[in-house]
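Heads up: the sequence shown begins at 1 in full-length UniProt numbering, then just goes up one per residue.
In case anyone wonders, no lab produced these hints; they're calculated from the structure. Any given hint could be a false lead.
What the hints assert, rightly or not - Across the chosen pairs, the derived CB separations fall in these ranges:
| no. | residue 1 | residue 2 | range |
| --- | --- | --- | --- |
| 1 | Arg116 | Leu68 | 34 to 40 angstroms |
| 2 | Ser82 | Val60 | 35 to 41 angstroms |
| 3 | Ala88 | Ala49 | 48 to 54 angstroms |
| 4 | Ala122 | Leu33 | 20 to 26 angstroms |
| 5 | Arg37 | Ala61 | 33 to 39 angstroms |
| 6 | Asp23 | Leu68 | 35 to 41 angstroms |
| 7 | Val60 | Gly93 | 35 to 41 angstroms |
| 8 | Ser80 | Arg48 | 28 to 34 angstroms |
To be verified - No farther apart than 20 angstroms at their CA atoms in a straight line, the calculated lysine to any residue pairs in the SDA-like style are these:
| no. | residue 1 | residue 2 |
| --- | --- | --- |
| 9 | Lys76 | Arg87 |
| 10 | Lys79 | Ala100 |
| 11 | Lys39 | His51 |
| 12 | Lys39 | Ala50 |
| 13 | Lys79 | Leu98 |
| 14 | Lys76 | Gly93 |
| 15 | Lys76 | Gly66 |
| 16 | Lys79 | Phe96 |
| 17 | Lys79 | Ile97 |
| 18 | Lys76 | Ile97 |
| 19 | Lys39 | Arg52 |
| 20 | Lys76 | Ala50 |
| 21 | Lys76 | Gly90 |
| 22 | Lys79 | Gly67 |
| 23 | Lys39 | Ala49 |
| 24 | Lys79 | Ala95 |
| 25 | Lys76 | Gln86 |
| 26 | Lys76 | Val60 |
| 27 | Lys79 | Gly93 |
| 28 | Lys79 | Ser92 |
Using N, Cα and C, we set each Cβ at its ideal position, and we do this for glycine too.
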Amino acid sequence: VEVSPMSELSSRGNSADVAPAADLSPEAAQRWLERHRAKHSAEEEARRAAHRQECLQSSVAVGACGGLVGSLAGWKWLKSRSAGFQRAVGGSGAAFILFATFFVPFVFTTNRFRIRCQRRAAEA
């Protein structure tokens, strides 16, 4: 049985319009409702929530490692500068450099790992 799509993307953007070939009969609506309920059952939602939590925890751990490596590199770079540079930058400048060298790698690696994890979950 070939199922025609119920909607198609509009030419105006990402909004969905009802497809001209869509089956709008009550039987088709009932089949859709059954598929929707099966897909969004309590067990399935619990499994997704557990996987989502695992993805978030893993991505934060990977991001923290990336941030730590970035901070260590920033600290080493700061300490390799001359005393005049360190005086010119001052304590607040050094703190900002350390913050930036932690935050940028942390955000990048966290988001990248989280997106990959979510894509793998969607494919499964």
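Hints versus structure:
{"no.": "1", "hint": "Arg116 - Leu68: 34 to 40 angstroms", "result": "violated (20 angstroms)"}
{"no.": "2", "hint": "Ser82 - Val60: 35 to 41 angstroms", "result": "holds (37 angstroms)"}
{"no.": "3", "hint": "Ala88 - Ala49: 48 to 54 angstroms", "result": "holds (51 angstroms)"}
{"no.": "4", "hint": "Ala122 - Leu33: 20 to 26 angstroms", "result": "holds (23 angstroms)"}
{"no.": "5", "hint": "Arg37 - Ala61: 33 to 39 angstroms", "result": "holds (35 angstroms)"}
{"no.": "6", "hint": "Asp23 - Leu68: 35 to 41 angstroms", "result": "violated (55 angstroms)"}
{"no.": "7", "hint": "Val60 - Gly93: 35 to 41 angstroms", "result": "violated (28 angstroms)"}
{"no.": "8", "hint": "Ser80 - Arg48: 28 to 34 angstroms", "result": "violated (47 angstroms)"}
{"no.": "9", "hint": "Lys76 - Arg87", "result": "holds (16 angstroms)"}
{"no.": "10", "hint": "Lys79 - Ala100", "result": "holds (16 angstroms)"}
{"no.": "11", "hint": "Lys39 - His51", "result": "holds (16 angstroms)"}
{"no.": "12", "hint": "Lys39 - Ala50", "result": "holds (16 angstroms)"}
{"no.": "13", "hint": "Lys79 - Leu98", "result": "holds (11 angstroms)"}
{"no.": "14", "hint": "Lys76 - Gly93", "result": "holds (15 angstroms)"}
{"no.": "15", "hint": "Lys76 - Gly66", "result": "holds (15 angstroms)"}
{"no.": "16", "hint": "Lys79 - Phe96", "result": "holds (14 angstroms)"}
{"no.": "17", "hint": "Lys79 - Ile97", "result": "holds (12 angstroms)"}
{"no.": "18", "hint": "Lys76 - Ile97", "result": "holds (11 angstroms)"}
{"no.": "19", "hint": "Lys39 - Arg52", "result": "holds (16 angstroms)"}
{"no.": "20", "hint": "Lys76 - Ala50", "result": "violated (39 angstroms)"}
{"no.": "21", "hint": "Lys76 - Gly90", "result": "holds (16 angstroms)"}
{"no.": "22", "hint": "Lys79 - Gly67", "result": "holds (18 angstroms)"}
{"no.": "23", "hint": "Lys39 - Ala49", "result": "holds (14 angstroms)"}
{"no.": "24", "hint": "Lys79 - Ala95", "result": "holds (13 angstroms)"}
{"no.": "25", "hint": "Lys76 - Gln86", "result": "holds (12 angstroms)"}
{"no.": "26", "hint": "Lys76 - Val60", "result": "violated (24 angstroms)"}
{"no.": "27", "hint": "Lys79 - Gly93", "result": "holds (13 angstroms)"}
{"no.": "28", "hint": "Lys79 - Ser92", "result": "holds (15 angstroms)"}
Violated hints, in rising order: 1, 6, 7, 8, 20 and 26; the structure is consistent with all others.
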